[in-house]
Amino acid sequence: MGEFANLILIFTLVISSLSIILPIIIGKIASITKANQYIFDSFLLQTFLNFLSLAMLIYFFIEDDFSIKTVALNSGITLSTFYKVAASWSNHQGSLLLWEFFITSFTMIFFFTELKGEKCRFDFLYYQSVISTFFLLFIYTTSNPFEKLYPRAVNGQGLNPILQDLALSIHPPILFAAYALFTIIYSMTIVRSDYKSFFQYKIKIVIKLVFLLMTLAVGLGSWWAYRELGWGGFWFWDPVENSSLLPWLISLALLHGITLPQNLQSSATVFLLGIFGFISSLVATFLVRSGLLTSVHSFATDTSKGIFLLFAVMIFIFLAFIHLLKIKNIDTHQNNSYAKSLISINIAIVVIYFFTIAIGTFFPIAYELIYGYKIIIGENYYNQISKFFALATLLAMIFASFSDKIFGNMQKIQGIVISIVLALVFILFANKFLNISNQVALLMIILALAVIISQFYAMLEVKNWGTVKDKAAMYLAHIGFALFVISVILQHEKSFDIEAKVQIGQGSYYNDEFYIELEDIVREKNDNYMSVRANFKVLQNGHSVGSLYPEMRFYFNQDVKTNEVSILKVSYLNDLYATVERLEESDYLYLRLQYKPLMSLLWISVFIMAISVAFSIKRKKYES
Amino acid sequence: MKSRIKSRIIFYTILFLIVFIGYFLVIKSFEENIIYFVTPKELEKKIYSDKILRVGGYVKQGSVKNLQDLEYEFVITDNVKEVKVTYHGILPNLFRDGQGVIAKGAFQNGIFIAEEILAKHDEKYIPSELKDELKKSGYWRK
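Residue numbers (the working numbering), protein chains in the order written: chain S, 1 to 624; chain W, 1 to 142.
Treat the hints as calculated values from the structure; they're not laboratory data.
Backbone N, C-alpha and C fix where the C-beta goes; we use that ideal spot for every residue, glycine too.
You can take every hint at face value.
Straight-line Cα separation of at most 27 Å, DSS-like style, residue types lysine-lysine; simulated pairs:
{"no.": "1", "chain 1": "S", "residue 1": "LYS561", "chain 2": "W", "residue 2": "LYS60"}
{"no.": "2", "chain 1": "S", "residue 1": "LYS501", "chain 2": "W", "residue 2": "LYS65"}
{"no.": "3", "chain 1": "W", "residue 1": "LYS65", "chain 2": "S", "residue 2": "LYS561"}
{"no.": "4", "chain 1": "W", "residue 1": "LYS84", "chain 2": "S", "residue 2": "LYS501"}
{"no.": "5", "chain 1": "W", "residue 1": "LYS104", "chain 2": "S", "residue 2": "LYS494"}
{"no.": "6", "chain 1": "W", "residue 1": "LYS28", "chain 2": "W", "residue 2": "LYS51"}
{"no.": "7", "chain 1": "W", "residue 1": "LYS81", "chain 2": "W", "residue 2": "LYS65"}
FRET-style restraints, in silico, Cβ to Cβ:
{"no.": "8", "chain 1": "S", "residue 1": "ARG523", "chain 2": "W", "residue 2": "ASP97", "range": "21 to 31 Å"}
{"no.": "9", "chain 1": "W", "residue 1": "ASN79", "chain 2": "S", "residue 2": "GLU584", "range": "26 to 36 Å"}
{"no.": "10", "chain 1": "S", "residue 1": "VAL421", "chain 2": "W", "residue 2": "ILE111", "range": "50 to 60 Å"}
One chain only, chain S, in its complex shape:
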């Protein structure tokens, strides 16, 4: 069976390589129509074959075929069927196959639904074929999922325990779906520069979908890190995390870029963004897989994969820039310079932020090459920079609330002033309870609140909602971002992190508010791990609010210790986060207790940002 799957992979590679050369020859010898037909047939076949490959890989995982190396390394007999399926794309090889499958199938869907009767169909499929061929070549030469294992393993190594999580099981498909859609944006960007202008295109839907999926994927990833790693944070400015933030930022800039009225500058901007979206997703993979950077998230690394990807990045940039000069000037004279300026400012902010993150992430590689010293860029760099960018973004958002044409100049000024004053007054009162002394933090909370107030203020003015669906999505997304900032700031200012030795039967106060008592330590031996579970009674201001059950596990097979975090929701949105340490038999253990105010709001706000674009997706109408 393994050999058969391998043959299919080779066959797909041959088909797709041929579709780069043959259509051009057919076009020259026979007719363009024949060439069109050929490339379409060939792409449809590729899509089907990719589906077959992926289905077979998943089948091998479900059936525990340990003669396949990927299966033996990432799955085990005791794993449940759900995690066996998830394991098939949690690994490097499987995830690339999934990516390739998404590229071909989404291309077909886009082709059928959006490109009916368009002249650019052939060119589009041609570029997608080039990308698909590159991926197949990459998969076959450096990361073949169907590689054989001699002799066949009796049992697999099992899936890393911390990967056995619902959020992380659906994280790869969502992320790679977004990355696959980036290829469509890339090809369409190039192709459209040859035809009419970029904007009238249905590519808008794809850009919105990319933003939705990217936000969900990054959100799920950090939700997983928060619950599973036991460090208590949700973002560590790790190279792997940064590399998922980079394509997200591009999708954010694109989302704003497509609302610009079309002219030469805006076409060129979106053109560049569209290309950088795909390139940054490739670079992200390059970063994760090459092992050039030290990450707290361990992944299988192999430098040859990295070099291959770097080479591809250069080719794809070159391919794109040939077309940059072909962008035509179409001025549509839509004039709302207020909105236009704001969007340009947004793109400027996002792009500069993109490069600051990229510099921080890539600089260590360059530094080592030049000076020979190994360095990392401290977390502080990102925090300081992000503060400034968040302030600028919040300020721009207050102005953006009144970007609709219905607001006159006076109304704009009135709305902006009222929102800021209201927020200021509210926070001055609220700070008696909050006690935030950091002035930058206070300023950010005031601005974030002003964003929320200004959005509602503007919404009250809007009479006809039918025509401003896009605006509704904007209001919602901006409110989501403001809530995100508020929860991050409050967490930064009001959280605590205490490590202590605790004895059975003894309790103590934490931060004067929480009384926590260790009731019991339970030691158990399971099939594949030993567990030590502590049982804490929690009282908040003298009232019982529940229990915490943090746990430590030691997995024999993998020789891994893991922390099972226990999270207790106190007063709805706040988290009490506990981990314990000490495997040895004793009547005490070490507790790490963290208080995370408004943690749930953070996840909700990310979800709001993601889902908001769904409101602006409309298929039928698109202005020409």
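Start from chain S and add chain W according to the hints.
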């Protein structure tokens, strides 16, 4: 027409200001936040006092001492030179004798006070920085 030029000037001024302030902040913050990675051997050559550093190496066999609750002392070695490290807090999951670790902190009176012991969430995983160094000194073991 005049108002259009005026609004353009305002727009480009704002844009320029954002770019300029952004650039200034980036450069300033960047210089402050470069953290060097060194092995015990390299500490001989250059003196890094009061500066936040990352020291990488193996935990020397039998060197871990539990001074009191959550107060540890141990030795990081690259099999050439050694550095004494103290750490207050819960040691990460993977921490044990002979394990590759990275300690972030600063020197005080010749002792490295670690504020963070880097935890990798895979016990077989060795940071690439460390791997290179160990390969160089010939102590890399699979």
